[in-house]
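Protein chains in written order, with the working numbering: chain R, 1 to 264; chain F, 1001 to 1264.
Hint data in this document are derived by calculation from the structure and do not stem from the laboratory.
Among the clues, some could well be false.
Claimed, not checked - Computed list of lysine-lysine pairs in DSS-like fashion (alpha-carbon distance at most 30 Å, straight line):
| id | chain 1 | residue 1 | chain 2 | residue 2 |
| --- | --- | --- | --- | --- |
| 1 | R | Lys210 | R | Lys7 |
| 2 | R | Lys64 | F | Lys1261 |
| 3 | F | Lys1080 | R | Lys76 |
| 4 | R | Lys65 | R | Lys76 |
| 5 | R | Lys166 | R | Lys7 |
| 6 | R | Lys76 | R | Lys7 |
Said to hold, decoys possible - According to the in silico footprint, chain F covers these stretches of chain R (three or more CB under 8 Å from chain F):
| id | segment |
| --- | --- |
| 7 | 35 to 46 |
| 8 | 80 to 86 |
| 9 | 146 to 156 |
Keep in mind that this is a model prediction, so the values were computed, not measured.
Here a beta-carbon is modelled for each residue, glycine too, at the ideal position from N, C-alpha and C.
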Amino acid sequence: MNSFLIKAENIGLQLNQRQILDNISLTINPGEILTLIGPNGSGKTSLVRVLLGLLDIRQGSLQKKDQLVIGYMPQKFHIDAVLPMSVLRFLQMGNKVTLEEITRTASSLGIVSLLEQPVQSVSGGEFQRVLLTRALLRKPDLLVLDEPAQGVDINGQQQLYQLISKIRDDYGCGVLMVSHDLHLVMEATDQVLCLNTHICCTGHPEAVSKHPEYLKLFGSSLDGMAVYTHNHDHSHDFTADSEIPNCSSCEKNPLQKEHDHDHG
Amino acid sequence: MIMDEFIWRALIAGMLVVLVSGPLGCVVVWRRMSYFGDALAHAALLGTAMALMFDLQPLIGVVVIGGLISYLLMSLQRKKDLSSDAILGILSHGALASGLVMMAVMQSQGERIDIMAYLFGDILSVTWEYIIWLGIACVVVLSFIVRLWESILSIAVHEELARSEGVVVDRVRLIFMLLMAVLVAVAMKIVGIILITALLIIPAASARRFADSPERMAVLAIVFGLISVVMGMFASMQWDTPAGPSIVLSAVMLFFASRLKPVV
Chain R
1 MNSFLIKAEN IGLQLNQRQI LDNISLTINP GEILTLIGPN GSGKTSLVRV
51 LLGLLDIRQG SLQKKDQLVI GYMPQKFHID AVLPMSVLRF LQMGNKVTLE
101 EITRTASSLG IVSLLEQPVQ SVSGGEFQRV LLTRALLRKP DLLVLDEPAQ
151 GVDINGQQQL YQLISKIRDD YGCGVLMVSH DLHLVMEATD QVLCLNTHIC
201 CTGHPEAVSK HPEYLKLFGS SLDGMAVYTH NHDHSHDFTA DSEIPNCSSC
251 EKNPLQKEHD HDHG
Chain F
1001 MIMDEFIWRA LIAGMLVVLV SGPLGCVVVW RRMSYFGDAL AHAALLGTAM
1051 ALMFDLQPLI GVVVIGGLIS YLLMSLQRKK DLSSDAILGI LSHGALASGL
1101 VMMAVMQSQG ERIDIMAYLF GDILSVTWEY IIWLGIACVV VLSFIVRLWE
1151 SILSIAVHEE LARSEGVVVD RVRLIFMLLM AVLVAVAMKI VGIILITALL
1201 IIPAASARRF ADSPERMAVL AIVFGLISVV MGMFASMQWD TPAGPSIVLS
1251 AVMLFFASRL KPVV
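Take the sequences, apply the hints, and build the full model.
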């Protein structure tokens, strides 16, 4: 059996006496796109860092497929102008790939014309594609994309998500991505995990988007841009079944543990 | 002008040092570590004093104290209530002051120590034996730089990305720190601890506008360094100015000249 890429069980993380992640379990399978959504400060990036092995955990367990190759695309970052580097050199850096492979991958992502340009001169959307190309050149089993659509306009975002689905089809890799916005990623994702320190709800995107927990976090506005107000006065019980979606127990279970959290 | 043998020795020694300080200086500039370079240089005075006291090779003292300073820096940085540059300022000047005090104490006990030679260098006094040691040190440091170049570069671009791609970031950083300490130890004689950082940063900064790749910047930093050494030595002979500061002053003039080149 054992076909998963990553399997996390009951992960908990505390930093500076603050609970960042609480009892998180998830499985990522090959060829599957899992999207993490959640408000700022909900622990999305921390969870990604745990899964990448950049943060150690003391609670829970993390299993990875043998020799799992991960292509990681970090949140948009800036390469200082003092470092002269072309896009091509950036793609080659630390990668044992041929020029031909680079050209092929770059042209499938539409950035082949940028290869000779300084990496600082490309636009936000272009740089995201450059980062994606770099991740793909590693021939990953799993792509991890942290806010891939950051700094990309709405049209570009839709294209980017379509591109990600296409990559999944072409490469057969699993994809874990972090997003703010469920409605834009809806079509591109198989599974959604709504995070707010704990797992609020999880399941197919349509189900999650109608889920009361999700609506509570993000509001019901269909443009997905609503400012949410977060009053957590309910509790969860995760010992219940893991049916999808698994939040039906949220507000009814008598054995609730009280918890409260605040977001910066 | 008569070229005495000691001038040749000084020229060769200076050139060997910039062969190493060129590429290391680029990394220092890319990673904004110039304050760290200063701290290491200042620690070198304390390291030398300790070595003299215990009758050890100065290099050992410099590397040990340099390592200690780096360790202190890392452990102080972990508590986030002070900024790195404040911590570096404290460590750097603390090391300088304790080195000066220690040397003065040893002087008063009858040791013959020329503090000025440590502070400002004494390139004209290098011996052939010193040059052989310098040559060996340069070959060792350069071969490490070449070997670790891709990893060093990846870390300069994005530490987490590098880590997620399997670069052993902590080990590379430790080795880099040791290479810096070795450079400081050998360059002390050439420009003195006060001006070592200048030799790292200025040629690298001058190289930036002429470089379109990290490697070219490193090579050009060496070239600018070589020219500075020759110019500085010439000035020192011609006008009887101190050699170390003359070399640094030549580098500064080259830097401003390099600014005349328009940005592409």
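Evaluation of the provided hints:
| no. | hint | verdict |
| --- | --- | --- |
| 1 | R:Lys210 <-> R:Lys7 | holds (26 Å) |
| 2 | R:Lys64 <-> F:Lys1261 | violated (52 Å) |
| 3 | F:Lys1080 <-> R:Lys76 | holds (24 Å) |
| 4 | R:Lys65 <-> R:Lys76 | holds (28 Å) |
| 5 | R:Lys166 <-> R:Lys7 | holds (24 Å) |
| 6 | R:Lys76 <-> R:Lys7 | holds (26 Å) |
| 7 | 35 to 46 | violated (count 0) |
| 8 | 80 to 86 | holds (count 6) |
| 9 | 146 to 156 | violated (count 0) |
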